[in-house]
Amino acid sequence: MSREQLAVQRARKSFQTGKSKPLQYRIHQLKCLQRFLTERQKDIADAVKKDLYKTQHGTELYETLGLEGEINLAIEKLAEWAAPRPVEKNLLTVLDEVYVQPEPLGVVLIIGAWNYPWAITLQPLVGAIAAGNAAVIKPSEVSSHSSKVMEELLPLYLDKDLYPVVTGGVSETQELLKQRFDHVFYTGSSSVGRAVMEAAARHLTPVTLELGGKSPCYIDKNCDLSVACRRITWGKFVNCGQTCIAPDYILCEPSIQNQVVEEIRKVIKEFYTDDPKTFDDYGRIINQRHFKRVMALMEGSTIAIGGDSDESECYIAPTVLKDVTAESKVMQEEVFGPVLPIITVSGIEEAIQFINEREKPLVVYVFSPDNKLIRRVIAETSSGALLANDCLIHYTISALPFGGVGNSGMGCYHGKHSFDQLSHLRSCLIKKLNMEGANNMRYPPHTASKLGWARFLLLKKVNVGRLRRMAILATLAALAAFVVQVQSSLDI
Amino acid sequence: MSSPPSPSPNRWFKALRRTRLGEPCLKTYPLECVELLKRARAAFQAGRTAKEGFRLAQLEAVVRMLVEHECDFVDALGRDLHKPRFETVVSELILVKNEALHAINNLKKWMQPQHVERNLSTTLDECLVVNEPLGVVLIMGTWCSPVQLCLVPLVGAIAAGNCAMINPPEYTSHTAELLHRLIPSYLDNECFHVIVTGTNDLAQIVGLKFEHVFFIGNREEAGRVAQAAALTLTPVTLVLGGKNPCYVDQQCDITTTAQRIAWARFHNAGQSAVAPDYILCHVDVKERLVQALKCCLMQFYGSDPRESRSFGRMVNLETFNRTRDLLWRSGKVAVGGQVIEAEKYIAPTILTEVVESDPIMQHEVFGPVLPILTVKNVDEAVAFINKQEKPLCVYAYSSNSKVISRLMSETSSGSFCSNDSILQSLMVVLPFGGVGASGMGSYHGRYSFDTFSHRKSCLLRGTRFECVTYLRYPPYEDRNLSLMTWASTLSQKSQGWCQIL
Chain A
1 MSREQLAVQR ARKSFQTGKS KPLQYRIHQL KCLQRFLTER QKDIADAVKK DLYKTQHGTE
61 LYETLGLEGE INLAIEKLAE WAAPRPVEKN LLTVLDEVYV QPEPLGVVLI IGAWNYPWAI
121 TLQPLVGAIA AGNAAVIKPS EVSSHSSKVM EELLPLYLDK DLYPVVTGGV SETQELLKQR
181 FDHVFYTGSS SVGRAVMEAA ARHLTPVTLE LGGKSPCYID KNCDLSVACR RITWGKFVNC
241 GQTCIAPDYI LCEPSIQNQV VEEIRKVIKE FYTDDPKTFD DYGRIINQRH FKRVMALMEG
301 STIAIGGDSD ESECYIAPTV LKDVTAESKV MQEEVFGPVL PIITVSGIEE AIQFINEREK
361 PLVVYVFSPD NKLIRRVIAE TSSGALLAND CLIHYTISAL PFGGVGNSGM GCYHGKHSFD
421 QLSHLRSCLI KKLNMEGANN MRYPPHTASK LGWARFLLLK KVNVGRLRRM AILATLAALA
481 AFVVQVQSSL DI
Chain B
1 MSSPPSPSPN RWFKALRRTR LGEPCLKTYP LECVELLKRA RAAFQAGRTA KEGFRLAQLE
61 AVVRMLVEHE CDFVDALGRD LHKPRFETVV SELILVKNEA LHAINNLKKW MQPQHVERNL
121 STTLDECLVV NEPLGVVLIM GTWCSPVQLC LVPLVGAIAA GNCAMINPPE YTSHTAELLH
181 RLIPSYLDNE CFHVIVTGTN DLAQIVGLKF EHVFFIGNRE EAGRVAQAAA LTLTPVTLVL
241 GGKNPCYVDQ QCDITTTAQR IAWARFHNAG QSAVAPDYIL CHVDVKERLV QALKCCLMQF
301 YGSDPRESRS FGRMVNLETF NRTRDLLWRS GKVAVGGQVI EAEKYIAPTI LTEVVESDPI
361 MQHEVFGPVL PILTVKNVDE AVAFINKQEK PLCVYAYSSN SKVISRLMSE TSSGSFCSND
421 SILQSLMVVL PFGGVGASGM GSYHGRYSFD TFSHRKSCLL RGTRFECVTY LRYPPYEDRN
481 LSLMTWASTL SQKSQGWCQI L
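So the sequence lines, in the order shown, correspond to chains A and B. Be aware that the first sequence starts at 1, since it is given in my numbering, and climbs by one per residue. Be aware that the second sequence starts at 1, since it is given in my numbering, and climbs by one per residue.
Because the hints were derived from the structure by calculation, they are not lab data. Model, not experiment: these values are computed from the prediction. Any given hint could turn out to be false.
As the list claims (entries may be wrong) - Among the chain B residues that face chain A by a calculated CB cut under 10 Å, a handful are:
#1 E87
#2 K97
#3 P113
#4 P133
#5 C252
#6 F311
Here a beta-carbon is modelled for each residue, glycine too, at the ideal position from N, C-alpha and C.
So that you can see chain A by itself, here it is in the shape it has in the complex:
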């Protein structure tokens, strides 16, 4: 039996003992995960530095801060999330218990990504633990240092059987996908997402796919360009552009293109100094293959800022391309690097049309002071999310469901949504064996009068809530009339 098969089998056996069902156990595991993040902060930061050239602060800000918030939220709200959720009763179920009970699914497979190896791999794990599942964690082999640290250290804090870490490359992932899971959670590219979904379909396993896309960023000519460009620059060049929700390309009118370029140039200098290569807080491309890929994307376009690179370090300077067209190489795939193309459009009409001609992205960004314009973009485009006047930060609001649509993915998570996504919401109707009289109308032999009763009782003409209110009103009116009558009789 392969290593992967064994890990899944052990996880399933462990889940079947029922030990992850009690809320106390789940909270305990979540607290252990929290301890892991605080105690091993240095190991995590070192690994990320080796993988992506991120500083300790960068790692804390972008990887572990969000995780800690999620864990705290889950611990605090778990009792509320896992409690039975009562539903509205009708005339026929008024004496019964009707509710939706969240239940664990079983064994969940979490396939992480390399761009935020900790945040993206462990955040679904928080949801999986909270929902009472077992989880097989498969970190990305591309972020090899982080993956190694996760494999070595995570089992020292979490239950080894319930939450095994399985490392490896393509063949190990394929072996894992041959096993049967109760849910597969994948973050990565659309092409691999398809393969994951197909493998899961063989076992009829539901999937959550967090994929990518080209997230457009429209800049209205009337907006405060200095603030807008600052926020866009930050959003784009964080993690060296290797963020699934980074603004992929800019759409703006030709009249402001030069201004946008100048503002971005100023901000790049402010954030990353004149020589980003020597600056600590500017990252690197994850590996040679991606370095070459991103460099190739720049071919054929005019470089307005940056463009220099160093293959030995996988360094690409913060780069802006201007006067890019829809046919340019850089517009054919998700950039996932520090290259920001600017495409000029005649206005919001053309921008919306341009966005709608393409696959639905993870995010649509709009920079504009005009509320009506923003509402228009919300209504006329479709994407996983929409942000007005800022970048990336919707990721930090756990109440907002985070996910894609169409080619950018399916399903969502963060906060309670993680819990719901990795639970089965089971409908429960608890009746008693009395009141059988009420059921007689449904039993054969069927007669016209039974049908009449059925129509009357079942058809939703009657709004029970309103009936109740009317009944109360009628009682009050009767009471009032009675009081008045008594009063008047007393007077006489």
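Given the coordinates of chain A, assemble chain B onto it according to the supplied hints.
Chain B only, in chain A's frame:
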């Protein structure tokens, strides 16, 4: 020689209609489907389905269609499944009407964006979740309740603002033909299309690329649908069958239990995905249960169910043969057992002395045959249920609430009902769906709306207050980090703070 029927216009029209109903419906070929899909997509992109008024009008049209053509539906289902009028009206038409009316009453509320809790750093922003339609969805129903299983998801798809292609099951040809004929007269002709395809074309149709595929049927077909959907990254909702266990405890009112089980199992001649598939009966009450069931069947269908107008028939020879096979090769017939191939009739049958290895326990029983297995106690029942795949429903009959709790918490299934059957799948407020081998996703009421919508997170900020945002910009510093940590965690603990600020 009998006199010819009177030439009254009414009779003539009825005869004409009946002839039309009798004609098999023309199959829609994949190429035609491509055309229809193009039209639906164009209509969607033109924004036809976006407005609340349009959606309400379509939903009202669905209700009208069911009211005005009640007789036609009763007739069609009578021909396809020998379904009694009562069952058609109650379990098909009223169900859809309720869903549509529920959607009409709540549509405004459902369409409203929901505002969500913010954290300190986003207190001055607008955070909302907008419900967006997906596009063009594909709905594939199955033959056991063809009207309800096609139209209830359609109600959800319409409410959510999508266009839809509906694929009614080919086995119930009269119903498929009826829907094919009626829907264009009531619903928008560009947005909603009915296609009639065979099971062999399933994967091809799904491969045409929809924004969501809704499939109700059996596991094997579902596998093909899911694989085809994976190639185009199309999300799916699958509602599949399963062997729904039904535990009967020694502490329960046997008469009532038998009545409820008999009704649930034998309506629609047992062709229901939510009926109790097999009984796990406590050894102490088995004899009484069989007796009680026998009495019930006599009460419901008389001494010869074949004569009863309340009892249905198998949908086709294939299902008839399959069920008859299972019947003959398993256990011992305690009640019923008669079969008549010419009529596709199988009498309401109860099998006893069934063991786990019997053929009837290896397949879903889609017919009026109820196997009874005995167990010594609740533990054995729970262990038995957990050995099988997760079913669509788990039922438990007992007057002891502890037994009910145990059965519920120690098993997993799409839904659970105690002391009755099927009702939980008819309620508009409960999500109906499977888990594991019985499917994924759910629908009914609000859940249908959510299934066919995309919840888009929107965060609307201003460009002022850059002074607060500067904390996150490089160069990264310790001080900034601690301030950010503080700001983003404040919301969960002390809501009051945010309000004051």
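Now for the hints, and whether the structure bears them out:
Nearest Cβ of chain A to the Cβ of E87 of chain B: about 7 Å, under the 10 Å cut. The hint holds. Among the interface hints, the one on K97 of chain B holds; its C-beta lies about 6 Å from the nearest C-beta in chain A, closer than the 10 Å criterion. At a threshold of 10 Å, the smallest CB-CB gap from P113 of chain B to chain A is about 9 Å, leaving the interface hint in force. Taking 10 Å as the C-beta contact cut-off toward chain A, the hint placing P133 of chain B at the interface holds, the least distance being around 9 Å.
Given hint, C252 of chain B at the interface with chain A, holds; its Cβ is 6 Å from that chain's nearest Cβ, closer than 10 Å. Evaluation of the F311 of chain B hint against chain A yields a held restraint, the C-beta minimum of about 7 Å falling below 10 Å.
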